[in-house]
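Asker: Please construct the entire structure, taking both the sequences and the accompanying hints into account.
There are 4 protein chains.
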Amino acid sequence: MSFTFKDALSLSIFGSSHGSYIGFTLSGIPAGVKINSDEINLWMSRRAPGQSILTTQRKEADEVEIISGVNDGFSDGGAITGIIKNMDVISKTYSELRDRPRPGHGDISLYYKYGRFRNFQGGGFLSGRMTACLVGAGAIILSALKMRGINILSYIDTMGDISIESEKKITENDIYSHETRMPDLDANNRASSLIMDLIKNGDSTGASIKTIIKNCPPGLGEPFFDSFESVISHLMFSIPGLKGIEFGSGFGFTKLKGTDSRDEFYMEEGKIRTRENHNGGILGGITNGMPIEFRVAMKPTSSIRESQNTVNLETMENEQITVKGRHDPCIAIRAVPVITCVSALAVYDLILRSGINRS
Amino acid sequence: MSFTFKDALSLSIFGSSHGSYIGFTLSGIPAGVKINSDEINLWMSRRAPGQSILTTQRKEADEVEIISGVNDGFSDGGAITGIIKNMDVISKTYSELRDRPRPGHGDISLYYKYGRFRNFQGGGFLSGRMTACLVGAGAIILSALKMRGINILSYIDTMGDISIESEKKITENDIYSHETRMPDLDANNRASSLIMDLIKNGDSTGASIKTIIKNCPPGLGEPFFDSFESVISHLMFSIPGLKGIEFGSGFGFTKLKGTDSRDEFYMEEGKIRTRENHNGGILGGITNGMPIEFRVAMKPTSSIRESQNTVNLETMENEQITVKGRHDPCIAIRAVPVITCVSALAVYDLILRSGINRS
Amino acid sequence: MSFTFKDALSLSIFGSSHGSYIGFTLSGIPAGVKINSDEINLWMSRRAPGQSILTTQRKEADEVEIISGVNDGFSDGGAITGIIKNMDVISKTYSELRDRPRPGHGDISLYYKYGRFRNFQGGGFLSGRMTACLVGAGAIILSALKMRGINILSYIDTMGDISIESEKKITENDIYSHETRMPDLDANNRASSLIMDLIKNGDSTGASIKTIIKNCPPGLGEPFFDSFESVISHLMFSIPGLKGIEFGSGFGFTKLKGTDSRDEFYMEEGKIRTRENHNGGILGGITNGMPIEFRVAMKPTSSIRESQNTVNLETMENEQITVKGRHDPCIAIRAVPVITCVSALAVYDLILRSGINRS
Amino acid sequence: MSFTFKDALSLSIFGSSHGSYIGFTLSGIPAGVKINSDEINLWMSRRAPGQSILTTQRKEADEVEIISGVNDGFSDGGAITGIIKNMDVISKTYSELRDRPRPGHGDISLYYKYGRFRNFQGGGFLSGRMTACLVGAGAIILSALKMRGINILSYIDTMGDISIESEKKITENDIYSHETRMPDLDANNRASSLIMDLIKNGDSTGASIKTIIKNCPPGLGEPFFDSFESVISHLMFSIPGLKGIEFGSGFGFTKLKGTDSRDEFYMEEGKIRTRENHNGGILGGITNGMPIEFRVAMKPTSSIRESQNTVNLETMENEQITVKGRHDPCIAIRAVPVITCVSALAVYDLILRSGINRS
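Chains as they are written, first to last, in this note's numbering: chain S, 39 to 397; chain Z, 39 to 397; chain H, 39 to 397; chain L, 39 to 397.
Any given hint might turn out to be false.
Identical chains blur together in the list; that is why a pair holds if it fits in one copy or across any two.
[As the list claims (entries may be wrong)] Computed cross-link-like contacts, DSSO-like style, restricted to lysine-lysine with a CA-CA straight-line distance of at most 27 Å: (1) Lys-295 <-> Lys-362; (2) Lys-295 <-> Lys-72; (3) Lys-97 <-> Lys-295; (4) Lys-238 <-> Lys-293; (5) Lys-362 <-> Lys-293; (6) Lys-252 <-> Lys-207; (7) Lys-72 <-> Lys-206; (8) Lys-72 <-> Lys-123; (9) Lys-97 <-> Lys-238; (10) Lys-238 <-> Lys-295; (11) Lys-293 <-> Lys-248; (12) Lys-248 <-> Lys-184; (13) Lys-295 <-> Lys-123; (14) Lys-309 <-> Lys-123.
FYI, nobody ran anything at the bench for these hints, they're computed from the structure.
Computed from a prediction, not measured in an experiment: that's the story for all the values here.
Answerer: In structure tokens, the structure reads:
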């Protein structure tokens, strides 16, 4: 039933792909945080479908209506609820899919877990559409983090065989001025071509997203079961289509020696720093003051145009299925702001909890 | 303060690298599970130091004394507490490290989070030694899973440039009869040579560990925030030195197209199966009845023989440090049974929770 | 931040006394529970203000609009969100109270906890109005309990010096056909007169509410920290104005001897029963199959017509305050359905959890 | 499985009445709290059996051995585990009770919940003996609270028909120098006589315990579901034999009018105070700076000498039972320090959480 994450922050999400509304209830935000609708809707638009020729053509305004917890533009310490109306609901497309689960989707999981009362339309509440709720809540938290000088950047660093050249000095503008969310101009151009080809062929591609969190205070993360990596990864794996996460050198570590991957300490301007940052800003599960760095793997959208093999859940016989609908050739593109917002949730939760350790 | 994981199961661990005892309290195990001391101690010995020339020479018997929750060899529904005496404690080795954090270790994190009262000896409660507690508790859960026919195998699949050849028909014996925990004979031999070289040079290596869970029932994992991947990864990242996790094709997905990575369904002996298993047995965050497959990345042991740069936390000046102690050239080797045991914890927790969804 | 209760069920509530909406998000309800709007709104009307001359004249339709989690009249296993529009909002009445906390209310608590950004109008999110959210969610759960044959009755058993005569055979109709919620006709008449007098004098009265839960299965309640009494009382004390709870003989036990209060066992129709039920159906924190019985104490509404002493939070000087608004002479009357609904939440949560103990 | 309470603090308890050990694991205590063994053992002795002629003659030293989390007399931020050896275990007394549940005890509950693998000896893990674990952990927390100037006093205020005269200026010495824990000399003498009579007759009595918490900061308690009363009552009802709790005027409120029970505000030495304290220091579920006051009801020990009716769980036939064992004529006496220690747990948890609300 875990539509609720509860810790120092509590976030409940609700709704489904083709219901009347989706939304969120976020509590634990202290009174006095400035809540800016334009800022929330900017983030919503970065995730919203139909924004570019490179993403799904489902049309959703995705404006968040805040119905509680905010007075005169400031949080009041109460639960903040935002609702988002589902506009472009085409149930008919899905009704024929009821008994034929789409390969690679959670349809079969809904069948196993909820049986005949399952919400099957468009993946129901397992749909990627639910990430709009994460962005609505996350945008509020990003404002709270900005007040503390903490900044989070996410962008696509690889897509198929395309990689960005260099990661120096990436800005939010570099990312969001490019439809592919690859901050590097050349990579963006190549990725755009790739996606146009995929659209033509009804195919899709995976990609990886890198995130950098700057000015995160040291000492965040709880010992053992709630390490910084534990809390972030727990939340990240709630994002549909995300299948891997690595911190710092991550899987690269498996090919390295200790002598090649040491993060030696030195003093710089009164602060303890490390020469390199193989550990991605986290040692022993706790932040060490260096930038947090991690990457996630997004799988290719499972909805492809080609006919696929499936089974009929009524007759239990093999069948074919053709997924029509309107789908993203690279779901990672729209996942970029989601990753940023979910990171914000994890970081802010751990900031609130960190006060608990001070005597 | 998260020495406690609490969900359908509750697991608290306690102790530190050089304290008198370490141990665990596990509750949520139903009454009537057979608890076999030999089985627990078999798993403990697989993780214990000093078992082979390839691992640290710290000597610990690591026998678990169960002091509650078991009557006449069966769980009674109460909290099961096991304690493990720390035998080979050499505090002197560490006392000189008090103010000079070892690069790559959590020493600096303890300083930031706990200040002058921190438990600094050997990494205190952030030490890899704490994973003995996870194995003690996990071995009990493995017994409960075996009663349900669920089987978990973990082994090293890559170490440096060495990979195993084929993953067909790996047995527990293939893994634990090889000191490197690489089930493939040739890989084991090459890895043994690599490690002997590392020992000679006072160096270390990273490695990756693959886990396969067979006969896991479909429908495990809670929608959204407690997806199967979320719960497993949360627990995995509590293991010191673990820096990445990927399910199924994981990061490989980022280079694949949708047409190359589809898991099409078909019927086999009355069961819905998929031709391939790119998704590692998990769709929409919920198990689909196929084997669960995931890989984790373990970093090289940070303790290397060479002198390294650090800072003095008292004087805040740059210094050098040489880490003596007794350390593992490849910590992943002893992490193998830990990964199995932590997987057991995640799976059993989700099994217990899955009953909640039935009306 | 605990606007969220999270256990096997999760319930988040949101909104405030004079905001635009209040509402709830309830998850953990299995797929396939019949959700009946009429039933929900019947319970809402039993709590709603303005229903009788004996309660506050604030007018609220208090109809719940379900915006997620229900398809074709059945729960789909997703989060169920209901929103309720606040209609009769008169902020002006409260704006003059901003800096002068009403004695006996949570106004001062909001000041201490949230400072200048507090939501002060009508008690903000600490208002008794928030109990409408509990009733909306609870009514859904009552339907789920009815499917299992579990029945919950709450009624006022004492108000000031008035007590009901006998507790035999009380029905829901006996309770809700009486405006005072005292099921006994004579007591109802006397209580009506008392309340008319209180209205005339601008005064209020406390009362106690008794609850009986029938057909509750034995074995509910978790050992030690989540005893049946713990879970019920935790939720009950979230209800504004509730200041005491006792199970079975409760405080009466303090005057009894062991020989006068034993619940001896005997067999009846193949079931183990007790002759008396001093323990209110709960032994060792776990249900024993006898009816659950408990009583709660509700304080008199703090808003009385007379002028009262308070302090000005800006000037920190003593002042007088006259609370105008529209208030209940006996808040316990409208609390009766709230107690029933909150009981339902506790019982159903423990039913879901009880499955976890079976091996 | 709730042997674990987890919030800002986490407390797991383990063991059973007649197992080898009982104990606790407490985490969330910040590094740097002075841990004094003498102080812990003082509290343990106040609860220990066999301390006076008025309590059970079971002999237990009840010394806590701290095996983790403390270095050089200070907490190190890690989990603090204490173990207590069960010395005076006489299993034979209980083995004949296996299938004949003692009236008023949790024996029947263990049968319903755990079936044939239940731990039945002396109430197993539902035994009052488990409160020793609460005292061990609570004594540590009391030290942390004393550093903040917070003081908690609990004492028996009524036993049968005996009440204390006046509650002015009660000290810890007034309480613990009296074997009955009634701070008033006359009441103590009368209660001693009552208990001697009860012992002679093999009978027992209930009693009520009052608790006063001084210098508790205002603003503690979370809105709605985790009100101060909710958190305290949740923990209190984990204590075996406790059947009621009331805050401030509690059930007295049900007989009062609003005009008789108002807590008007006034300024005194720069602080906001109330003339009376009907609300027991808590308004809207949150502390208001006045002393916290609450009372709990303890039932008479169910173990009485007289033969009682029970059923045989094997044959399902009516039988008689005579409970031999060694029991307390008034369990409330030994519950007094337990109530203090559990109060400490609740208060400190809410103090740690309160930091979360500050932006």
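Asker: Next, verify each hint and record whether it holds.
Answerer: Status of each hint after checking the structure:
In this assembly of identical chains, Lys-295 and Lys-362 lie within 27 Å of each other by CA distance solely across copies; the values are 18 Å between and 49 Å within a copy. Neither within a single protomer nor between protomers do Lys-295 and Lys-72 lie at most 27 Å apart by alpha-carbon distance, with minima of 47 Å and 43 Å respectively. Taking the closest pair of Cα atoms, Lys-97 and Lys-295 come within 27 Å of each other only across two copies (25 Å); inside a single copy the shortest separation is 50 Å, beyond that limit. In this homomeric assembly, Lys-238 and Lys-293 come within 27 Å of each other (Cα to Cα) only across copies, at 19 Å, whereas the closest approach inside a single copy is 38 Å.
For a Cα distance limit of 27 Å, the shortest separation of Lys-362 from Lys-293 across copies, 24 Å, qualifies, whereas the shortest one inside one copy, 43 Å, does not. In the homo-oligomer, the alpha carbons of Lys-252 and Lys-207 lie at most 27 Å apart inside one protomer (12 Å), although the nearest pairing across protomers, at 46 Å, exceeds that limit. Neither within a single protomer nor between protomers do Lys-72 and Lys-206 lie at most 27 Å apart by alpha-carbon distance, with minima of 31 Å and 49 Å respectively. For the identical chains of this complex, Lys-72 and Lys-123 are neighbours both inside a copy (24 Å) and across copies (25 Å), given an alpha-carbon limit of 27 Å.
For the identical chains of this complex, Lys-97 and Lys-238 are intra-copy neighbours only, at 20 Å inside a copy versus 59 Å across copies, given an alpha-carbon limit of 27 Å. Taking identical chains as interchangeable, the C-alpha atoms of Lys-238 and Lys-295 lie at most 27 Å apart only when they sit on different chains, with a minimum of 14 Å there against 45 Å within one chain. Taking the shortest Cα distances, Lys-293 and Lys-248 sit within 27 Å of each other both inside one copy (20 Å) and across copies (15 Å). Proximity of Lys-248 and Lys-184 under a CA criterion of 27 Å is satisfied intra-copy only: 20 Å inside one chain copy versus 39 Å between copies.
In this assembly of identical chains, the alpha carbons of Lys-295 and Lys-123 never lie at most 27 Å apart, being 52 Å within a copy and 32 Å across copies at closest. Proximity of Lys-309 and Lys-123 under a CA criterion of 27 Å is satisfied in neither setting, with 48 Å inside one chain copy and 39 Å between copies.
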